[in-house]
Every structure is written in structure tokens, then in C-alpha cells.
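If you read the sequences in order, they're chains A and B. So the first sequence is numbered by full-length UniProt numbering: it starts at 1 and just counts up by one. So the second sequence is numbered by full-length UniProt numbering: it starts at 1 and just counts up by one.
If you're looking for bench data, these hints aren't it; they were derived computationally from the structure. By construction, the Cβ of each residue, glycine as well, lies at the ideal position given by its N, Cα and C atoms. Some clues are possibly wrong.
[Unchecked claim] According to the in silico footprint, chain B covers these stretches of chain A (three or more CB under 8 Å from chain B):
#, stretch
1, 47 to 58
2, 80 to 94
3, 120 to 128
4, 177 to 190
One-letter residues, chain by chain:
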Amino acid sequence: MAGVNERTGQAMDDAGAPAANAAQEQIARRMRRRGDESRWWWLVPTLYIVFLLVPIYWLVNMSFKTNREIVTGLTLYPHQPTLRNYAIIFTDPSWYSGYINSISYVVMNMVISVAVALPAAYAFSRYRFLGDKHLFFWLLTNRMAPPAVFALPFFQLYSAFGLIDTYWAVALAHCLFNVPLAVWILEGFMSGVPKEIDETAYIDGYSFPRFFVRIFMPLIASGIGVACFFCFMFSWVELLLARTLTTTDAKPIAAVMTRTVSAAGMDWGLLAAAGVLTLIPGALVIWFVRNYIAKGFALGRV
Amino acid sequence: MDKTWNNRAWFLVLPVLVLVAFSAVIPLMTVVNYSVQDTFGNNQFFWNGVDWYQELLASSRFWESMFRNLIFSAIILAIEVPLGIFIALNMPRRGWGVPTCLVLMALPLLVPWNVVGTIWQVFGRGDIGLLGYYVNALGVDYNYVQDPFDAWVTVIVMDVWHWTSLVVLLCYAGLVSIPDAFYQAAKIDGASRWAVFRYIQLPKMQRVLLIAVLLRFMDSFMIYTEPFVVTGGGPGNSTTFMSIDLVKMALGEFNLGQAAAMSLVYFLIILLLSWAFYTVMTNYDAER
Numbered sequence: 001m002a003g004v005n006e007r008t009g010q011a012m013d014d015a016g017a018p019a020a021n022a023a024q025e026q027i028a029r030r031m032r033r034r035g036d037e038s039r040w041w042w043l044v045p046t047l048y049i050v051f052l053l054v055p056i057y058w059l060v061n062m063s064f065k066t067n068r069e070i071v072t073g074l075t076l077y078p079h080q081p082t083l084r085n086y087a088i089i090f091t092d093p094s095w096y097s098g099y100i101n102s103i104s105y106v107v108m109n110m111v112i113s114v115a116v117a118l119p120a121a122y123a124f125s126r127y128r129f130l131g132d133k134h135l136f137f138w139l140l141t142n143r144m145a146p147p148a149v150f151a152l153p154f155f156q157l158y159s160a161f162g163l164i165d166t167y168w169a170v171a172l173a174h175c176l177f178n179v180p181l182a183v184w185i186l187e188g189f190m191s192g193v194p195k196e197i198d199e200t201a202y203i204d205g206y207s208f209p210r211f212f213v214r215i216f217m218p219l220i221a222s223g224i225g226v227a228c229f230f231c232f233m234f235s236w237v238e239l240l241l242a243r244t245l246t247t248t249d250a251k252p253i254a255a256v257m258t259r260t261v262s263a264a265g266m267d268w269g270l271l272a273a274a275g276v277l278t279l280i281p282g283a284l285v286i287w288f289v290r291n292y293i294a295k296g297f298a299l300g301r302v
Numbered sequence: 001m002d003k004t005w006n007n008r009a010w011f012l013v014l015p016v017l018v019l020v021a022f023s024a025v026i027p028l029m030t031v032v033n034y035s036v037q038d039t040f041g042n043n044q045f046f047w048n049g050v051d052w053y054q055e056l057l058a059s060s061r062f063w064e065s066m067f068r069n070l071i072f073s074a075i076i077l078a079i080e081v082p083l084g085i086f087i088a089l090n091m092p093r094r095g096w097g098v099p100t101c102l103v104l105m106a107l108p109l110l111v112p113w114n115v116v117g118t119i120w121q122v123f124g125r126g127d128i129g130l131l132g133y134y135v136n137a138l139g140v141d142y143n144y145v146q147d148p149f150d151a152w153v154t155v156i157v158m159d160v161w162h163w164t165s166l167v168v169l170l171c172y173a174g175l176v177s178i179p180d181a182f183y184q185a186a187k188i189d190g191a192s193r194w195a196v197f198r199y200i201q202l203p204k205m206q207r208v209l210l211i212a213v214l215l216r217f218m219d220s221f222m223i224y225t226e227p228f229v230v231t232g233g234g235p236g237n238s239t240t241f242m243s244i245d246l247v248k249m250a251l252g253e254f255n256l257g258q259a260a261a262m263s264l265v266y267f268l269i270i271l272l273l274s275w276a277f278y279t280v281m282t283n284y285d286a287e288r
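If we strip away everything but chain A, and leave its shape as in the complex, we get (with noise of 0.2 Å):
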């Protein structure tokens, strides 16, 4: 590679400017490519890659497993593999009741959260108001809350609602920390957005809601849809909260995940199984947001 580099270099000599740029561009492609020392910089990402899917598939290979195979004797994959396990939960409707109520409050939860969030984070991207700087870090401060501090006196406040064990307890629950999460990160993409479109819109006559739903929102979709996409996976992942305000009619399959202990011992295929299905939804949507992971983990910052 030094010597195609050293022919260009005299290339540059002769043709001038356009080559010169054409070698630089070349060397650094090749700096972005790690320089020229590490031929096996693809091990790293290999090796760690292949750190994280070990467990997975781990818990793939019991969910196709017997409990006696599980039991008896460790095997690299389902020697005598089975849908028991599957089967179960889908016709048992104790267990497929548990991924409806789950899929049904977060989802009430990202509509909601999604809902309030814009028109706020509209306020924030482009006015300055009274305690706008306090009421940021005010919400801030909810996304960073434990929410062990919170299960207590949530059970108690939606006791008195009679929201226990109802979807409404765990949507409204999980915008403690959803909401603020939505507006840094909706307030993120709509910085991006030129105000002279604001600006043009008004001029032309466009009432502020219907700017906002007809212009303003086709510009920012891809901020929506990533906005969406953490608040269902937030919601989808917490547990605490979710175990603590529901007992039996609007339990997450993450608590129901908990009654695979019986009389019989570990139900570790079914479990197993269980923990397979859980991974799906996020599987599922991640590539459309595989852009824009970092900056929805990162509030919206990056």
C-alpha cells in the first residue's frame, strides 16, 4: 500500500490539483480505516459481537429444548428440538395475556408521551420564556429519577385514582420518565429545522396548529419516529414500576416471566421461551432507528 501511495504522491507532482486531492482523499480513507498497522481491526467488533450474542443465543437454544434435556445434560444446541415451549404460551392465556397488557401500556404510554411532548418541545426550540432554563433541567431531572423512589407513593397515588391493575396506572406511571425523554430529544431535531420556516409559514397565513400539523411535523418525522421508538422501548424494558402497580389483570409478561417457579421446580424452557419473545419487538424496529441509536440514548445530545 506505501508504494501506491508513493505513485500517487509523484502523480500529484505532475497532474496538480485535482490529484492531489484524490491522494489526500486516499490517505485519509486510509487513516479513517485505522491507519495502516492494524490489519485485524475487524477481530475487535468480531470478537465483541460475538461476546454479546453468546448469551442470546443461549436462551434461544433452551426455549427449543425439553426441561429434560435442559436438566440432564448441557448441549450446544436442541438435540431433540421442541415448540412446547412456545405452544404453551401462546394458548395459556395467563402467558399471552402478559405480552397484550405489556404492548397495550406502552403503547397508551408512547402516544401519550409523544403527544405532549411535541407541542413543549416546539416551546423550547424556539421561544425563551419565564423559567424555560429551570422547567429543561426540571425535566431532566425526572428522566434521571430512580424509579425505586417513585414505586411506593405511585402505588399509593393510583390507589386512590383506582387506577391500580389497569393500563392507565402503568402508561401514566412510565411518563415520569418517557415525557422528558420525548422533548430533549424531539427538542434535538426541531433546532435543526430553520426558524424562516416558521417564519414564511405565519407570513403566508397558516394558523399555528395547522403549521404545526401540516408543515412543521412532515419536516421533523424521522425526530417522531425516533421520539416513539425510545419512549415503547423505555417503557418496554422498565419493570419495577410496571410489577408494582399491577397485580393480576394488567400484568407486564415481565412479571408473569416471575411464575415459572412450580411445584415441579424451574420451568426453564418455558422461561426461556418467554425471554425470547421479549426480545422481539425491539429486534424488530431497530433497524429503522439504527441511524439515530445514539442520539436517542444519549437524550437527544449528540
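With chain A's structure known, arrange chain B on it following the hints.
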């Protein structure tokens, strides 16, 4: 962007305000109430002053769980941040490898937290788990249910598995934003690989790294579900972190007053950290 001064913007913020007030302020007031009151049951409360706080701050239980949590956070940061930077530096920069790596690496971040616990609970068991089985086969006596050290190792490896990708993704986002010109200049100056990292990549990653460190610190400081599923806070109290201790106190022992006092102290710590985070971030933005 220069913003217009307009107090009517409050109307746009109002829905958020009402919602978050309902789900944050009212519960927090309940906690404040409990922390200064005592009860003999029957919903009869009477004023108790700061007794709960004194009791809490004098109890070794509180300090132990906090100390444990701080050590845990420190170890987590010491492992995940350098590892994350290292992996981000070795990520592919173009072609099909980029989205593939991003998606595969982000996978653990999207696993429900209790399932993360379940995965490692199973994975680490000596009888049915791949990891536990082979570690035992190598002659190392490994049993996270009984040995506090093994429990810690399991919880830490689990957290590295779960969250290192966050550091990787953030650092990667910082790295790709470095213009080619920087690398060209470095090449012309004959800069070494280390110099490129130290004087170009690291300064350019500063902002995302800051976010990564603070997020990782705060999330590890309020970790609950994963260690709860794997070890349940045990063996003994060896992996009882602050959140686990708090939930045990509030919902397990129903020791309302002390739990409320602990909640507030806990919340205050988080508040201070958030404030530091916010100040640093806004100052950083202002400088640019």
C-alpha cells in the same frame, strides 16, 4: 438559533407540566410527608420531625448499600468506558459492516431489564448455563448463588454485556463526525496512531464521552432489576444496591418513614448529579 422572548410559550408546555406534575410532584410530596411522619396504623399519622433522617444517616445499612453502589458504579465505568472507546475506534467506517455492527451491538440495549437478568441467571448457572458450566469445567469454583465474589463478577459482567454498547454507539457517533481534513493534516505531520487518538479523536469525542459517562454513572447508580433477578441482592447483602435496599424497605418491610427519608436522600444525590450534568452540557454548548 436566537429565540424570541414569548411567555405565551407556556401554553405549549402546559400539557407536559400537568402530566409530569401528576406523575412526579404529587408522589414526591407523598414521600416528603412520610419522611417527617410516623404512624401506628389506621392511617393516623403524627409529626415526627427529622427522626427518620437521623436514624437513616446513623444506620450502617444505608451507608453500606450506598458504598456498595458507588464501588459498583466505579468498576462499571472503569471497564465500560475504555472498552467502549476501544471498540468504537475499531468499528468499520463504511460499507455493509456499519449498519450490521450498529444493529447487532444495540441488541442488548433493547432487551427488557429483567430478561437481561434471566439471561445471565441461566447463563451463569453451573448445571445448565454455558458460562457456569465451562468455568467450572476449567477448575474454577464458580457459583454466583453462594459466593459473594462470584455474584459481583456475574453482575459486573452482565452490566458490561448490557451497557458497553451504549458507550460504543456514542463514541462512534462522535468519531464519524470528525472531518477528513483532520486526518489529512495528521498524516502530513506524520502523527503516530496514538497522537491521532490523543489530539484528534479524543477531543472530538469529548462531548459524547461526557454524556456516556454521566448516563452510565446515573443508570448504574439506580440499577435495580438486573441484579435483583440474578442474585436477589444476595448472597447475604453482598449485592444489595441502593434501589434494591430501598424497595426492600418500602414494599417489603413497609418501613414507610425510613424508606421515605432514604428516597429523598437518594433523590437529592441524583438531583445534584443531574445538575452537574446539565450545567456541564449547557456550558459545553455555549462554548461552541
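Here is what the structure says about each hint:
Coverage of the stretch 47 to 58 of chain A by chain B holds [criterion: at least 3 residues with CB-CB distance below 8 Å; count 9]. Check on the stretch 80 to 94 of chain A: 0 of its residues sit with their Cβ under 8 Å from a Cβ of chain B, so the three-residue criterion for coverage is violated. Counting residues of the stretch 120 to 128 of chain A whose CB lies closer than 8 Å to any CB of chain B gives 8, so the stated coverage by that chain holds, three being the minimum. Restraint check on the stretch 177 to 190 of chain A versus chain B: 3 residues with Cβ-Cβ distances below 8 Å, three needed, restraint holds.
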